Amino acid sequence: MLEELKEHIRREIRKELKIKEGAEKLREVAADRRSVAAVVKAANGRLCELQAELHELEGQIILTQGQGPPVCLQPPATPPSQQPPQRQR
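Quick note on UniProt numbering: the sequence shown kicks off at 1 and runs consecutively.
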């Protein structure tokens with residue numbers, strides 16, 4: 001479910017990038033650059049929103065995956081009886 005939502009957001013990001021790219025090309029040749037600039041600005045805003053959504057979703061996926069059994073990152077402690085003798089100074 002979360003992976004499907006993640007892919008949907010990525011598709012929306014790709015779509016907005018294409019809109020932004022097309023608007024920037026249009027701005028180069030358009031007589032009314034202000035209206036085209038508004039399209040670029042809107043696309044930038046939407047891209048920021050989508051990227052924030054994607055970032056939040058990735059965090060949720062990590063949390064969901066982290067609900068499994070705990071992973072021990074440190075090796076188990078060696079009992080004192082099995083530790084090598086320490087050098088005396």
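Since the hints were made in silico from the structure, they are not lab data.
Any given hint could turn out to be false.
Dumping the calculated DSS-like pairs for lysine-lysine here, alpha-carbon to alpha-carbon at most 27 Å [as the list claims (entries may be wrong)]:
1. Lys41 - Lys20
2. Lys18 - Lys6
3. Lys6 - Lys20
4. Lys25 - Lys15
5. Lys6 - Lys41
6. Lys25 - Lys41
Just so we're clear, the structure is a prediction, and the values are computed from it rather than from any experiment.
Status of the hints after comparison with the structure:
1. Lys41 - Lys20: 8 Å, holds
2. Lys18 - Lys6: 19 Å, holds
3. Lys6 - Lys20: Given that 27 Å is the threshold and the Cα spacing comes to 21 Å, the pair holds.
4. Lys25 - Lys15: Cα-Cα ~16 Å, so holds.
5. Lys6 - Lys41: 24 Å, holds
6. Lys25 - Lys41: OK: Lys25 and Lys41 at ~14 Å, within 27 Å.
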